[in-house]
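Keeping their order, the protein sequence lines are chains V and A.
Its first residue numbered 1, the first sequence is counted upward by one per residue in my numbering.
Its first residue numbered 224, the second sequence is counted upward by one per residue in my numbering.
In case anyone wonders, no lab produced these hints; they're calculated from the structure.
Here a beta-carbon is modelled for each residue, glycine too, at the ideal position from N, C-alpha and C.
Heads up, a few of these hints could be off.
[Said to hold, decoys possible] In silico contact screen, one side only, chain V against chain A (beta carbon under 7 angstroms); selected entries:
1) Ser37
2) Glu38
3) Phe41
4) Leu72
5) Ala76
6) Asn130
7) Gln133
8) Val158
9) Gly168
10) Tyr170
11) Gly172
[Claimed, not checked] Pairwise CB distance ranges, derived in the manner of DEER restraints:
12) V/Glu162 x A/Arg393: 44 to 54 angstroms
13) A/Ala412 x V/Leu40: 24 to 34 angstroms
14) A/Leu390 x V/Thr207: 39 to 49 angstroms
15) A/Gly319 x V/Ile45: 18 to 28 angstroms
16) A/Leu293 x V/Glu38: 49 to 59 angstroms
17) V/Glu162 x A/Thr346: 49 to 59 angstroms
18) A/Asn315 x V/Gly172: 42 to 52 angstroms
19) A/Pro310 x V/Ala114: 47 to 57 angstroms
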Amino acid sequence: MKDKDIVLHPRIVRITHWTWAIGVLLLLGSGLRIYNSEPLFDFYIPTWMTIGGSNEAANKLHNDFGLAGALLWHFAAMWLLIGSLLVFTVWGFVTGHFRKKYLPISAREVLSNATDFLHGRLAHDIGVRNAVQKLLYAFAIVAMLLMLLSGLVLWKPVQFHELGLLMGQYEGARYVHFFGMIGIVLFLAVHIALTLLVPKVLLPMITGRAPPRAASDMPGERP
Amino acid sequence: MTTGIERRLREGGLGKGDVANLERRLFLRHGLSFGALTLLSGCDVVTNTGPVDRFLRMISGFNDGVQAALFRANKLAPTFPASMVAPEFRFNAQYGLDSVPVLNPATWRLTASGLVANKQAWTLEQLQALPQRADITRHVCVEGWSMIGQWGGVPLRTFLERVGADLSARYVGFYCDDPISYTTSIDMASALHPQTILCLTYAGKPIEPKFGAPMRVKIPTKLGFKQPKFVTEIRVTNDYPAGYWENYGYNWFAGL
């Protein structure tokens, strides 16, 4: 049976996908705790949504709000993200995955796909990204790029000063990093919502495989 | 920690009222987050006990190395026009304004210790007589805020050369005469950076007590907590000197 299954996602895609997912969740939770130490806007993030260890223990010990723990998580999790993106990007270019799956994106195709989607009749063809998917991933890539670049400027505003000039230096980078985060969260919301609408796409991202019949209307990689 | 502060405050000649006041303020700040639930609350990163904490601190140590590699000795922190200097700088310390020490500039002394040839104490006048430089740079706090200011003083490199320091040593540690006996330490490369100074002035005037008078260290290539106030001892050493916030898990290199 196993042998007859179709490989939708190569192992490298699955490993980098879930490494990226864990990295993003850790960065998001710890990032929100870091946001709380000096909020950009007139609101705080509820502590239960943040990551960084027990801030009660932190308070008792050194009159701090659990920022040290959040920073430790943030600057550890960034390596999960950098590592998975690096491996996936190199693999994607070398194997031609990006060229085959994502280009070109045409406005007409996007509109026609969006109309189909709204009428509940968007097809999932194996190995083919529809235009809405392409656009969503393009959006995620842009948001991720903004996060990486603004993150570098926030981490190293002196060493990456020239990069900082593109985004209003340190203070501007704080806004780019915040709205980039919102972009990632929006992407995740749509990405997860679509997975819930078509739940059979979830298992192949873990096992890599699907029975031929189920695979026939699933987005993914052909062997 | 409070008892430690209490002891040092008493040794410093402060009365029980001051201590009780400080304790009350600390209690109020602690109280703000009591009952808060936290994801991953099992990972108590501040006591450095569990395996997760040890792992995270190990990564933080790895990040020290990455930052040292990214650091360029001649890359200057960006400077700004005088019109951008904040007239009233933000006060930020582990203690409140009411606990700021007022050190007497006439009796204040700075000692160089560790791997230095000359351990003779320096007076403020002697430091003022050394070559000075001033830069208008951005001060970035680990909490996330930043402000532009103009800090002037003696390049730390000049001072280290005058005291005959071993410039091949790994660390420079700073020790402070304040209510929490603050300490921090930096790598030698950052200590020798041209903009790293023993800061004596802000916007052309002597720095105020709340900003560490008579001398604080200013390092535009480091986060704020690496720039200690009320410094009275500078130690050159090859033994990792750690620091006050570093011991609570804040990254040691903390470079910008």
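Hints versus structure:
no., hint, result
1, Ser37, "holds, 4 angstroms"
2, Glu38, "holds, 3 angstroms"
3, Phe41, "violated, 12 angstroms"
4, Leu72, "holds, 4 angstroms"
5, Ala76, "holds, 4 angstroms"
6, Asn130, "violated, 35 angstroms"
7, Gln133, "violated, 31 angstroms"
8, Val158, "holds, 4 angstroms"
9, Gly168, "violated, 12 angstroms"
10, Tyr170, "holds, 5 angstroms"
11, Gly172, "violated, 11 angstroms"
12, V/Glu162 x A/Arg393: 44 to 54 angstroms, "violated, 30 angstroms"
13, A/Ala412 x V/Leu40: 24 to 34 angstroms, "holds, 32 angstroms"
14, A/Leu390 x V/Thr207: 39 to 49 angstroms, "violated, 59 angstroms"
15, A/Gly319 x V/Ile45: 18 to 28 angstroms, "holds, 26 angstroms"
16, A/Leu293 x V/Glu38: 49 to 59 angstroms, "violated, 24 angstroms"
17, V/Glu162 x A/Thr346: 49 to 59 angstroms, "violated, 42 angstroms"
18, A/Asn315 x V/Gly172: 42 to 52 angstroms, "violated, 22 angstroms"
19, A/Pro310 x V/Ala114: 47 to 57 angstroms, "holds, 53 angstroms"
In the structure shown, a violation is registered for the earlier hints numbered 3, 6, 7, 9, 11, 12, 14, 16, 17 and 18, in ascending order.
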